[in-house]
Amino acid sequence: MEQLIQFAISALSLGGTYALLALGLATVFGLLGFLNFAHGDLMTICGYSIYFLLAAGVSFFIAAPIAILVAGLAAVLMERIAFRPLRGRSPMSLLITSFAISLALHVCFQIFISPKSKPIPIPDVFSGYLTFGEVYVSKAQIISIIVSILALILLSAFMTKTRIGIALRASASDFTVARAMGIKANQMIMLAFAISGVLAGIAAVMWIAQRGAVSPAMGQGPMIKALIAVIIGGLSHPRGALYGGFILGTLEAIFLYILPDSWVLYRDAMVLVILISFLMVRPNGIVAPSTEPMR
Amino acid sequence: MANLLDVVDIEVAYGPIKAVKRISFYVRAGELVTIIGANGAGKTSTLNAIMGLEPLAHGSIRYKGADLGKIPVEKRAVLGMGVSPEGRRIFGDLTVRENLIAGGITLSSSLCLDRIESVVGRFPILAERIQQTAGTLSGGEQQMLAIARALMIAPEFLILDEPSLGLAPKIVSQVFELIHQLNQEGMTVLLVEQNVRKSLAIADRAYVMELGNIVREGSAEDMSSDQKIHESYLGAA
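Going down the list, the protein sequences come from chains B and P.
Residue numbers for the first sequence follow the numbering used here, so the first one is 3 and each next one is one higher.
Residue numbers for the second sequence follow the numbering used here, so the first one is 152 and each next one is one higher.
It should be emphasised that the hints constitute simulated quantities derived from the structure, not laboratory data.
Certain hints may be false.
[As the list claims (entries may be wrong)] The calculated PhoX-like cross-link candidates involving lysine-lysine, where the alpha carbons are at most 20 Å apart (straight line), are:
1. P:221 / B:186
2. P:226 / P:215
3. P:379 / P:349
4. B:186 / P:226
5. B:186 / B:163
Modelling step: build the complete structure from the supplied sequences, incorporating the hints.
Right under this line is the structure:
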């Protein structure tokens with residue numbers, strides 16, 4: 003029983019983080035039709051922002067929200083500087099640009115900060131375990147589940163209850179027609195990037211709270227996972243990213259529990275084998291597309 | 152009387168292919184003008200040029216005297232231009248209500264809610280389905296929604312692209328009746344259609360397009376009694 007609860011907690015905590023990242027990727031994809039490979043670096047930017055804010059003596063609980071906003075702002079700047087000049091080009095050009103941004107940022111982190119990982123002191127709230135009878139669960143994991151679920155609820159409320167959220171969904175559904183209705187393209191694209199950055203920032207805080215360090219490559223691992231999540235989930239609808247994130251988290255947690263210790267090393271490989279077999283059966287992902295994204 | 156829309160010598164090209172070859176036409180305030188023609192005649196390209204979705208290779212389009220070439224797509228709604236595009240293109244993942252909100256995005260939020268009330272009053276079927284996902288509506292209902300969405304801004308000038316396409320005959324009649332009614336209420340309408348008979352029945356004037364050119368123009372009444380139009384578009388009389 004306790005194993006099962008611990009397993010569920012791991013699955014939800016990993017899944018929540020992947021889902022946040024995957025949703026960010028899907029939000030931008032919905033408007034511009036490309037996967038932003040620099041998405042993971044937004045996590046890293048958030049991580050370094052926390053690192054420097056803490057070094058300046060700011061408390062973690064103030065540093066984290068500021069760093070999340072910095073990630074959102076960085077995403078908007080990324081669009082403004084690198085993607086907007088390419089507006090109207092093929093999604094392939096945007097994709098390759100995003101690779102370039104990711105590489106450039108990575109090198110900047112290495113040169114201007116440090117190629118080594120930097121420790122981030124995590125407040126006590128995140129460390130230690132909660133005990134429920136026989137069951138021990140990590141506090142950081144519980145907090146990460148609560149935060150990601152809250153973020154998902156807030157995002158969903160924003161997307162369905164506010165006019166600007168509805169406009170963003172309309173744009174993702176048919177950008178050309180949305181513009182003809184008077185929905186401003188630049189505003190929507192900026193909003194999509196801001197949302198993706200903030201979500202990446204939240205994921206970064208959760209990630210760091212469980213690991214206590216930031217390095218130039220911090221965002222790459224989770225970024226690849228988010229990519230896998232959106233691909234299994236299907237890119238046509240944000241729901242797909244959500245499902246994909248949680249399925250991936252669950253698969254990883256399953257392997258963590260069933261594999262003997264000497265095999266844990268191969269966990270990712272095994273997850274990927276399952277995903278490849280899944281894609282052979284359902285190449286469009288769980289939520290299959292009804293229409294091609296418009297640009 | 153000044154024209155609401157002046158299309159002067161426009162050309163729309165896709166690479167080397169000229170879909171619209173230097174055509175000119177106008178729409179006066181309060182008129183219902185129809186552009187008829189077969190598939191591939193350049194009708195939709197003409198409308199896309201008016202909406203700013205296709206760049207002009209030549210010529211100019213003036214709306215209320217302002218040069219539309221210099222005005223981005225997003226500003227059309229503020230100028231009072233509403234559009235129901237070809238193939239309906241409703242926002243399928245959104246509910247009926249959200250589609251209408253998106254259509255009224257340029258309005259203040261209180262006015263937008265008022266407009267939903269009044270637009271839905273015209274389409275009782277949409278009132279019933281207001282919370283339903285638009286993609287699950289029938290073709291006729293989706294067409295009603297596409298028109299309703301365009302009506303959200305209470306446009307002065309309504310552009311309708313093939314509103315009867317793919318609809319059951321009974322629904323087609325309803326759609327034409329609605330367009331006629333909107334025009335009677337004072338709305339200027341530019342209607343692109345393949346259903347020539349029904350379009351001519353409600354239009355004031357008509358243009359006939361063939362292979363990117365306007366080959367005929369005149370009052371709808373004259374055209375509907377014209378032998379050549381009958382032979383080409385209405386089947387042998």
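Checklist entry - So which of the earlier hints does this model not fit? => result none
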